[in-house]
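No gaps in the numbering here: position 292 of the sequence shown is 292 in the numbering used here, and each next residue is one more.
Derived by calculation from the structure, the hints in this document are not laboratory data.
Incorrect hints may appear among the rest.
Said to hold, decoys possible - Simulated restraints, written as ranges between beta carbons of each label pair:
#1 Ile-81 with Asp-167: 43 to 51 Å
#2 Glu-212 with Leu-253: 49 to 57 Å
#3 Lys-140 with Asn-460: 56 to 64 Å
#4 Ile-518 with Asn-44: 23 to 31 Å
#5 Gly-387 with Leu-433: 43 to 51 Å
#6 Pro-451 with Arg-405: 29 to 37 Å
#7 Thr-268 with Asp-455: 53 to 61 Å
#8 Ile-377 with Gly-152: 41 to 49 Å
#9 Val-372 with Asn-422: 46 to 54 Å
To be verified - When the alpha-carbon atoms are kept at most 20 Å apart in a straight line, the in silico SDA-like pairs for lysine to any residue are as follows:
#10 Lys-109 with Gln-50
#11 Lys-227 with Glu-184
#12 Lys-227 with Tyr-179
#13 Lys-495 with Lys-143
#14 Lys-416 with Gly-390
#15 Lys-82 with Arg-154
#16 Lys-404 with Asn-280
#17 Lys-6 with Gln-26
#18 Lys-441 with Arg-173
#19 Lys-487 with Lys-404
#20 Lys-157 with Glu-41
#21 Lys-227 with Glu-255
#22 Lys-447 with Ala-464
#23 Lys-485 with Glu-513
#24 Lys-51 with Glu-212
#25 Lys-245 with Ser-229
#26 Lys-120 with Thr-83
#27 Lys-6 with Arg-46
#28 Lys-258 with Arg-432
#29 Lys-245 with Lys-276
#30 Lys-227 with Glu-212
#31 Lys-203 with Arg-154
#32 Lys-25 with Glu-212
#33 Lys-140 with Lys-120
#34 Lys-205 with Lys-441
#35 Lys-495 with Lys-441
#36 Lys-261 with Ser-308
#37 Lys-441 with Arg-154
#38 Lys-203 with Leu-13
#39 Lys-136 with Tyr-179
#40 Lys-51 with Thr-83
The beta carbon of each residue, even a glycine, is placed where N, CA and C say it ideally should be.
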Amino acid sequence: MIYISKRIFMDCLTCPTLGWMSKNKQIPRLSGLNSDFLNYESRNIRNLAQKMFGGAFDGSKEYLSFDSPPLATDLLNDPQIKTIVNAKFNINDFTARVDILQRAGNAWKLFETRAGGKSKTKYVNDIAFNVMLLEKAGVKISKMSTIHIAGGYRVGKPLHEMFYFIDCTEKVREQIPSYLDKIEKVAEIVRSPDMPQPIIKRKCKNCPVFNECIGKDLHNSIFDMPKMSAPDMDKLINSGIIYIKDIPEDFELNEQQKRIKNCVKSNTTYISPNLKNLVNQIKAPYYYLDFESISNILPVYPNFSPHSQVLTQFSIHKLTNFSALCHCGLDPQSPTTQCGQTTAEIAGQARNDGKPIDEVLQHFEYIADPKVNCQEIIAQKLIEYLGDEGSIITYSNSEKLSIKRLAEIYPQYSQKLIEISNRIVDFEALIRLNYYDIRFKGRSSIKVVLPVLVDMNYENLEIAEGGDAAAAFAFMAIGLYDEEKCKEIKENLLKYCAQDTMAMVKIHKFLIEVSSRIC
1 MIYISKRIFM DCLTCPTLGW MSKNKQIPRL SGLNSDFLNY ESRNIRNLAQ
51 KMFGGAFDGS KEYLSFDSPP LATDLLNDPQ IKTIVNAKFN INDFTARVDI
101 LQRAGNAWKL FETRAGGKSK TKYVNDIAFN VMLLEKAGVK ISKMSTIHIA
151 GGYRVGKPLH EMFYFIDCTE KVREQIPSYL DKIEKVAEIV RSPDMPQPII
201 KRKCKNCPVF NECIGKDLHN SIFDMPKMSA PDMDKLINSG IIYIKDIPED
251 FELNEQQKRI KNCVKSNTTY ISPNLKNLVN QIKAPYYYLD FESISNILPV
301 YPNFSPHSQV LTQFSIHKLT NFSALCHCGL DPQSPTTQCG QTTAEIAGQA
351 RNDGKPIDEV LQHFEYIADP KVNCQEIIAQ KLIEYLGDEG SIITYSNSEK
401 LSIKRLAEIY PQYSQKLIEI SNRIVDFEAL IRLNYYDIRF KGRSSIKVVL
451 PVLVDMNYEN LEIAEGGDAA AAFAFMAIGL YDEEKCKEIK ENLLKYCAQD
501 TMAMVKIHKF LIEVSSRIC
């Protein structure tokens, strides 16, 4: 029997179709290194928090049913049991999973561990679901709290300094009546053999099955509009407007949204008249920089707080001038020629006036030792490799922010690092404001833009996402991989980071070719 879990219940409140699909196991489960690491950290935080409640009964071994036999009732009525952790309670067709229950006289206090630092609406809703079910089964809950990692926690501090508590009893009590009104309807929907017909609503945009459900045949829809406010999106949907081309002329849009609408209606690509000037302002030698980092909830290095960003590696491609690359298979007049090659592959094919390839397109890279904090080494190597002149091209503003943070941490390098940050050109911002192809679908990330502009993607890489890259390094830092596995992971991380900077070389080449057509 598949019980109705908190996830199924919440999904059904969001969308009956989603709830039905969730109950019938038609929702793809998250997978990959990033998902594995998030689950690992959640378990680790929960286990650490539970250590503050000594002598607890571990309820994870079996589902504690309130049906026959009444295992849950027997356990909860046992005066010898003061605390229960990891309890899974079956109550009719529903199931509740509770991190910590602590006896308080003839009632219980309920605690849930959360990775986030604040009491969010989602946390309150999650607890309200569990309390609703337990109290329907006759279990009195007197107080509800969330447990969070303290921002001031540092490696080596005692356990009691790691966590803080937020009382959310009042907010939970306010939410429960709404859930009680809906519980039978949810059960009816998800038990039905027939899937409810989907209805377009604003939340469809972030649905995990959008492309397999209502978005399957939607092209150039209002869901492709970036930064559209919730009220504006609801207003369009309630008016029966789903496609960008149908948005009324008097409907207020920002400049970016207007450009997208014009491109869709005319089936053209937007090229800003200012693009040529902006591209010409990028000065040689050109450096293409990409960082990878970790941001663990529980820090792995001393003096770092929870969620702190720690740089773990970088890739830099350096190009003296684009004309040199014309002899190396990267002709800027042919932006889709020989894409997907590595520096080594190009080196094997051509020379530029007898010069080795490393004088045409150089590559510098560094990956930290996972066992120690290598931020200072990264600062030193950035200063060494990035020189004193030429533009530094990134594909987001995060590299600039990271370099400024290094300047704050290491004042002895501050001047050089600030000078480096002032040379940065953010390609994502440049493209977002000055170039739009309807195949971008309102987005501007490198994973979306790259295959549209040039014939290159990340499909053949073992690690192909930033989240997976962070998780892979974090697993090494924690010590969960052996030496052979670490060697393999490092090679894959270096390939991924180098792919990002090579991608920027090719995007730059494309922009030079496009801007050359502008009068």
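So which of those numbered hints doesn't the model satisfy?
Violated hints: 1, 2, 4, 5, 7, 8, 9, 11, 12, 13, 15, 16, 18, 19, 23, 24, 26, 29, 30, 31, 33, 35, 36 and 37; rest satisfied.
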